[in-house]
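Participant: Protein chains in written order, with my numbering: chain V, 0 to 156; chain R, 0 to 156; chain S, 0 to 156.
Just so you know, the hints here were simulated from the structure itself, not pulled from any lab data. The beta carbon of each residue, even a glycine, is placed where N, CA and C say it ideally should be. It is possible that part of the hints are untrue.
[As the list claims (entries may be wrong)] Simulated DEER-style distance windows between Cβ atoms: (1) V:Asp140 to S:Asp68: 39 to 47 angstroms; (2) R:Ser67 to V:Glu147: 19 to 27 angstroms; (3) R:Arg156 to S:Arg124: 27 to 35 angstroms; (4) V:Gly155 to S:His106: 28 to 36 angstroms; (5) R:Ala126 to S:Met0: 23 to 31 angstroms.
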Amino acid sequence: MSELAELRQRLARIEDERAIERLIASYGPLVDSGSVEATAALWSQEGTYDVEDWQMRGRADVAAMVGSDAHQGLIGRGCLHFHGPAVVTVDGDDAVAVCESVLVVRHESRNVVARTGANHFRLRRIADRWQITARVTRTLDGDAGARELLTTGIEGR
Amino acid sequence: MSELAELRQRLARIEDERAIERLIASYGPLVDSGSVEATAALWSQEGTYDVEDWQMRGRADVAAMVGSDAHQGLIGRGCLHFHGPAVVTVDGDDAVAVCESVLVVRHESRNVVARTGANHFRLRRIADRWQITARVTRTLDGDAGARELLTTGIEGR
Amino acid sequence: MSELAELRQRLARIEDERAIERLIASYGPLVDSGSVEATAALWSQEGTYDVEDWQMRGRADVAAMVGSDAHQGLIGRGCLHFHGPAVVTVDGDDAVAVCESVLVVRHESRNVVARTGANHFRLRRIADRWQITARVTRTLDGDAGARELLTTGIEGR
Chain V
0 MSELAELRQR LARIEDERAI ERLIASYGPL VDSGSVEATA ALWSQEGTYD
50 VEDWQMRGRA DVAAMVGSDA HQGLIGRGCL HFHGPAVVTV DGDDAVAVCE
100 SVLVVRHESR NVVARTGANH FRLRRIADRW QITARVTRTL DGDAGARELL
150 TTGIEGR
Chain R
0 MSELAELRQR LARIEDERAI ERLIASYGPL VDSGSVEATA ALWSQEGTYD
50 VEDWQMRGRA DVAAMVGSDA HQGLIGRGCL HFHGPAVVTV DGDDAVAVCE
100 SVLVVRHESR NVVARTGANH FRLRRIADRW QITARVTRTL DGDAGARELL
150 TTGIEGR
Chain S
0 MSELAELRQR LARIEDERAI ERLIASYGPL VDSGSVEATA ALWSQEGTYD
50 VEDWQMRGRA DVAAMVGSDA HQGLIGRGCL HFHGPAVVTV DGDDAVAVCE
100 SVLVVRHESR NVVARTGANH FRLRRIADRW QITARVTRTL DGDAGARELL
150 TTGIEGR
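Let the sequences and hints guide you as you build the complete structure.
Facilitator: Right, here's the structure in full:
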C-alpha cells in the first residue's frame, strides 16, 4: 500500500469510530428532548431495541416508544438518559459498541437514579451512514446477562 | 482538490472537533477543583454563561462564579460537575456543541444528584484557539427551553 | 518536515490519544462485569492503583481486587463505575489523563451514588501498547488532594 493510501485508511477508521461515538452520544439528548423522528433515525429500518421489558423492531417502534405516554411522562417530570463514552470496534461495514449509562428521573423535586444500564450496540453502514441494527440495554443488578453485554461489547463481539 | 489536501482537510476537522470535546471535558475537572483562571479561560473575552438564575458575561464573571462563596462552599463539601461526551458541529471558525450533565453534591455524607443539565455551547476560533462565546445550561425538569437546547445542539444550531 | 510526514505525525497523535481514551472508557465495563484478567491487563506489569484505602501494585494486585469478595459483592448487588470522557495529554511514550467518575451501587432496590471520583492516570507505551503505570482515585469530598489530581491532570502533569 502506498504511504498515502495507508494514511487514508487510518483516517477513515477514526472517522468511522467517531461517527458511531457521535451517534451514541446523540441518543440521550434526542430521547430526553422527545425528538421522535430523529431518535428513530438512529436505527436501521429493521433495527431492534431490546430494553428490559420493551422489545422494539424498526423505526416505527422506536418512534412509538419516544412518543409513548410512559416516555413523555418521564420527560414532563424531567429525565436524563446519561450515557458514558462508547468503546467502538469497527470491522468493515459492521461495528459493535458498548457503553454504560444511568437514567436520572426527577421525583418530587429530587433526582433519583432510576436505573443503571449496560448498553450493547450492533451497527451497520447502510447507504453510507452508520445505523443501529440491534441495541440491547440491561440493568446492572447482578444479572449475568447484563455483565455479558459489557464483556462482549469490549471484545467487539 | 489534491488527495493530500483532502486528507489534510479531513484531519483538521477531526482536530477541531477534538479540541472542542477536550475543552468541554475540561470544564468539570477545572470547576470542581476551583481553578478560577483556567475555568474562565475556556470562555472568550466577552463570552456568556447563562445557568439558571446566574447570568455571566466575560471571563471576570466566570472567574467570580468559581471564586464565589456559593461555589467554594460546594467544593468544600465535595461536588462533581459530571459532563457526558459532547456532540460537536464545526462550521469554519464557529461551532456548536451539546452535552448532558449531572451535578452531584455531598450532603451529610451522602451524594445527592442536585441537578441535571442540558448544556448548549457556541464556540468560536479566536487567536487560533477555540473559546466559548455562549453557554446556556438548564435543568431538565420538563421545561421546553431545556429540551430545545438539546435538539438545537444536536442539529448544530 | 514533508507535508506527508507532518500529516502522519498529527494522525499518530490522535491515534495515541484515542487509544488512551478507549483504555479508560473500557475500565468501567470491565470492572463492572468482573473481568479479572482484562481489567488487570490495562495496567503495566508494575503499574499501581491507589484508590482511597486500597493500594495495588502490579497486575496480580488489580486482578485480586476485581476478584475480591468486596468487589464481587458489589457486582452481585449491581454496581456501575461510571467514568466521564478523559482529557489526555501525550508526550512521546508517556501520557497523563484525567477524568471524573461516580460509583453507583444498588442498595435495597434503590441506586445510590456511593462515591464520586477524581481519577489521575499516568500511562506509558510499552511493547507498542498504552498501559497504566499509575492511577490515583480520590473522593471529591472537599479534600485538597482530590482537587489537585484534577488540576495536575488537566495540565498534563
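Participant: Is it true that the C-beta distance of glycine 155 of chain V to histidine 106 of chain S lies inside 28 to 36 angstroms, as the hint says?
Facilitator: Holds, at about 33 angstroms.
Participant: Between alanine 126 of chain R and methionine 0 of chain S, does the C-beta distance stay in 23 to 31 angstroms?
Facilitator: About 24 angstroms separates the Cβ atoms of alanine 126 of chain R and methionine 0 of chain S, which means 23 to 31 angstroms holds.
Participant: Could one say that the CB atoms of serine 67 of chain R and glutamate 147 of chain V fall in the range 19 to 27 angstroms?
Facilitator: The hint (19 to 27 angstroms, Cβ to Cβ) is violated, given that serine 67 of chain R and glutamate 147 of chain V are roughly 47 angstroms apart.
Participant: Using the C-beta atoms of aspartate 140 of chain V and aspartate 68 of chain S, is the stated range 39 to 47 angstroms upheld?
Facilitator: Taking Cβ atoms as reference, aspartate 140 of chain V and aspartate 68 of chain S lie about 19 angstroms apart, which means the hint is violated.
Participant: Can the suggested window of 27 to 35 angstroms be confirmed for the beta-carbon pair arginine 156 of chain R and arginine 124 of chain S?
Facilitator: Taking Cβ atoms as reference, arginine 156 of chain R and arginine 124 of chain S lie about 41 angstroms apart, which means the hint is violated.
Of the hints listed earlier, those the structure fails to meet are numbers 1, 2, 3, in rising order.
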